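**Q** The chain contents come next:
Protein chains: 2
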Amino acid sequence: MNVEVAEYMDRMKRTKAKMAEKGIEVLLITDPANMNYLTGFDGWSFYVDQMLVLMDDEEQPIWIGRTADANAAKVTTWLFHENVIPYPDTYVHSQTRHPMDFVAEILTQIGQDKRHIGVEMDSYYFSAKCFQQLNNGLPNATFLDGSLIVNWVRIIKSPAEIMKMQKAGVIGERAMREGIEMVNAGVRGCDVAAKISHAQLSGTPEFGGDYPAIVPLLPAGERTSTPHLTWTDEPYQHGETVILELAGCYQRYHAPVARTVQIGQPSTNMKNLSEVVIEGLNACLDFIQPGVACEEIEAVWRKTVEKHGVTKESRLGYSMGLNYPPDWGEHTASIRTGDKTILVPNMTFHLIPAIWSEGDSFEISESFRVTDSGCETFVNLPRELMIKDGFANLDFVG
Amino acid sequence: MNVEVAEYMDRMKRTKAKMAEKGIEVLLITDPANMNYLTGFDGWSFYVDQMLVLMDDEEQPIWIGRTADANAAKVTTWLFHENVIPYPDTYVHSQTRHPMDFVAEILTQIGQDKRHIGVEMDSYYFSAKCFQQLNNGLPNATFLDGSLIVNWVRIIKSPAEIMKMQKAGVIGERAMREGIEMVNAGVRGCDVAAKISHAQLSGTPEFGGDYPAIVPLLPAGERTSTPHLTWTDEPYQHGETVILELAGCYQRYHAPVARTVQIGQPSTNMKNLSEVVIEGLNACLDFIQPGVACEEIEAVWRKTVEKHGVTKESRLGYSMGLNYPPDWGEHTASIRTGDKTILVPNMTFHLIPAIWSEGDSFEISESFRVTDSGCETFVNLPRELMIKDGFANLDFVG
Chain A
1 MNVEVAEYMD
11 RMKRTKAKMA
21 EKGIEVLLIT
31 DPANMNYLTG
41 FDGWSFYVDQ
51 MLVLMDDEEQ
61 PIWIGRTADA
71 NAAKVTTWLF
81 HENVIPYPDT
91 YVHSQTRHPM
101 DFVAEILTQI
111 GQDKRHIGVE
121 MDSYYFSAKC
131 FQQLNNGLPN
141 ATFLDGSLIV
151 NWVRIIKSPA
161 EIMKMQKAGV
171 IGERAMREGI
181 EMVNAGVRGC
191 DVAAKISHAQ
201 LSGTPEFGGD
211 YPAIVPLLPA
221 GERTSTPHLT
231 WTDEPYQHGE
241 TVILELAGCY
251 QRYHAPVART
261 VQIGQPSTNM
271 KNLSEVVIEG
281 LNACLDFIQP
291 GVACEEIEAV
301 WRKTVEKHGV
311 TKESRLGYSM
321 GLNYPPDWGE
331 HTASIRTGDK
341 TILVPNMTFH
351 LIPAIWSEGD
361 SFEISESFRV
371 TDSGCETFVN
381 LPRELMIKDG
391 FANLDFVG
Chain B
1 MNVEVAEYMD
11 RMKRTKAKMA
21 EKGIEVLLIT
31 DPANMNYLTG
41 FDGWSFYVDQ
51 MLVLMDDEEQ
61 PIWIGRTADA
71 NAAKVTTWLF
81 HENVIPYPDT
91 YVHSQTRHPM
101 DFVAEILTQI
111 GQDKRHIGVE
121 MDSYYFSAKC
131 FQQLNNGLPN
141 ATFLDGSLIV
151 NWVRIIKSPA
161 EIMKMQKAGV
171 IGERAMREGI
181 EMVNAGVRGC
191 DVAAKISHAQ
201 LSGTPEFGGD
211 YPAIVPLLPA
221 GERTSTPHLT
231 WTDEPYQHGE
241 TVILELAGCY
251 QRYHAPVART
261 VQIGQPSTNM
271 KNLSEVVIEG
281 LNACLDFIQP
291 GVACEEIEAV
301 WRKTVEKHGV
311 TKESRLGYSM
321 GLNYPPDWGE
331 HTASIRTGDK
341 TILVPNMTFH
351 LIPAIWSEGD
361 SFEISESFRV
371 TDSGCETFVN
381 LPRELMIKDG
391 FANLDFVG
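Protein chains in written order, with my numbering: chain A, 1 to 398; chain B, 1 to 398.
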């Protein structure tokens, strides 16, 4: 168990309060980060259906999942073993039966079939078919949208969570330093990705790393026109820009960070772009403090960069922390126009004022927590365009 | 582009034939492996909604996704740029609008709103909310379940695909050798995971690796009672069993493989268990040839091992190949009782007759393709329980 049981109990209590506000008596939790947050459940078993059943009048949730994964629930959670209910393997990727049929049967057996049941309607691991089968199997239940209930409970981190994110920051910083050090003309992207991944998983001599929810994003050359490309086995060319976006991860908590490397001297335009973006990033970090709304941060960014003719279509950042593939973002607050979420100490964000275009692209980011009077980044790296002068070594000393 | 356009056209044609059989006029494809299979689209953008719209009367599909990812569609696919339709970033993780509202508008604009529309009901990346919003936005459409249509088209691999899986096999073999070599008492799991991941991504001097759909699964000690745990930063102990399950991956194609390492001499029970499982695995591989049904392979396994008192609850294997997180399996054919899929040359499976228990656990697996007269494994490693005698070096020469 990675967290004290008292903290799990507090998380459950806050979740149940939110359920009550929405008139939800039973919440079916399929988001693996939410499952972990409430019980510690951890394992790469989210590729089959699994869930927590959180009932307003029961102290412990029930875990339902594949038989082979039941021991993972016993090993990694604080639940009593009788609250771990496995479904037979014949339900797995079957054309004739569905795990949610089993879930419906269990809910009926334990008298939950006529209740107001919340489901995470927009979770990766709750498919349209899952909802259809539950509807078929529980005709007397009233279904409500329970999306993001636990995600919003997660938005303010506890001291224990902040410590994990600080460790993730140490790992992320090491991984980024190793990646930047290696990027150069003639080096293959796959070898840089390998080096980064090694640093991410190995961690430090004091504590090891966990797998981040997203693999290193490493577009180079024309591929920097878009943020979510990974790598190829082509060697980098002199004159290319290489973007590195990655996270350190410790016990499922993330600290993402991005930097951009120019192989050879940057064009005047690229140099200007990087300076404007960094000016905008710094202005945001200076502005952030408790009481500020997310959209106000974006306004500071816009005001800073638009006088230089820079505009950005995509959001400037988002809440993040505990997560599983495919995303380290929490899908709650975003730093963008219209988001009125008010910052509170120990909210944690990834602020990523990146510009992707078919011309020059520049990406730089910081993960931070809101402190009592401002903010604090999890990673400490120079905020600059990293320049590799051709085949020479790096002029980057952190 | 990683595949000839003619091959994409053939894949489209076979998909359209399956659509016609099911009365589907328009198929909305959200499974990233299926999107890649038909167009080459590749990127870690599946954490936001995106899809291909495949219409029975149009030669090219339409790609719809986030604006920032539109250039990924232009860079990685064979689609005309006018077939790439981006939605604004305001739809991303928004509490007030949903990407499927945008999709419904586009389908209406292009006259597809009154048709028979297939959706991948049980795809990770098509949530219950996605389906609800499409239903709301397209009241005159008739929705049909288009689950697994493309997955079943994918089940027989082309020569180009087999070549990729062979490269994945080379990478998987290297990664497994490096992992086994490193496991020993006093070594941390996170460092073994790091070493494996480095080998997976770096690949070979001739071709680089891609990220596998599942990270290395590395349970040790009591954690071997369940298959899907990853690693910790605790050092392995003398006497512990360590299970390694991983895949090589090349251009999204996988070759998974599993082996088990015993640190110190195995118990008699463990030795017997490993011998029985290997006997069962070999019996299956000897039996496999075109014309055989999946369930017959399982019967050969069961007959071989049950005389030794070994039983296995979970399925024995599954079709696999092209994929993205969270699973390298294709969710079509499984090697288990009741699966009547008939083997055809160039079907590819992961055969994993593993036994997990709270006592001894043993995992070994092979990925194979069906040949004209039998089968051929993608990875070449000794089929044995790997024994590390305490702190000594490995008695394992591949």
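Don't read these hints as lab results, they were simulated from the structure.
All figures in this text were calculated on a predicted structure; none of them were measured in a lab.
Be a bit skeptical, because a hint or two may be false.
Identical copies carry no separate label here, and so any pair may be met within one copy or between two of them.
[Stated by the list, open to error] SDA-like, lysine to any residue: derived pairs with alpha carbons at most 25 Å apart:
| hint | residue 1 | residue 2 |
| --- | --- | --- |
| 1 | K22 | N135 |
| 2 | K307 | G186 |
| 3 | K303 | D89 |
| 4 | K307 | T90 |
| 5 | K22 | S94 |
| 6 | K22 | Q95 |
| 7 | K340 | E25 |
| 8 | K114 | Q132 |
**Q** At 25 Å max between alpha carbons, let me know whether K307 reaches G186 within a copy, between copies, both or neither.
**A** Cα proximity of K307 and G186: none, with 38 Å in one copy and 58 Å across.
**Q** Give the relationship of K340 and E25 under a CA distance limit of 25 Å: within one copy only, between copies only, both, or neither.
**A** neither (29 Å within a copy, 42 Å between copies)
**Q** Treating 25 Å as the Cα threshold, decide for K22 and S94: within, between, both or neither.
**A** between (34 Å within a copy, 19 Å between copies)
**Q** Up to 25 Å between alpha-carbons, please classify K303 paired with D89: within, between, both or neither.
**A** between (57 Å within a copy, 19 Å between copies)
**Q** When no copy is specified for K307 and T90, does a C-alpha distance of 25 Å or less occur within a copy, between copies, both, or neither?
**A** between (62 Å within a copy, 23 Å between copies)
**Q** With identical chains, the pair K22 and Q95 could be close in the same copy or across copies; at 25 Å between alpha carbons, which is it: within, between, both, or neither?
**A** between (35 Å within a copy, 16 Å between copies)
**Q** Between the shortest in-copy and the shortest cross-copy C-alpha distance, which are at most 25 Å for K114 and Q132: within, between, both, or neither?
**A** both (17 Å within a copy, 22 Å between copies)
**Q** Reference check for the pair K22 and N135, CA-CA at most 25 Å: within, between, both, or neither?
**A** For K22 and N135, the Cα distance is within 25 Å both inside one copy (20 Å) and across copies (24 Å).
Of the numbered hints given earlier, the model fails hints 2 and 7; all others are met.
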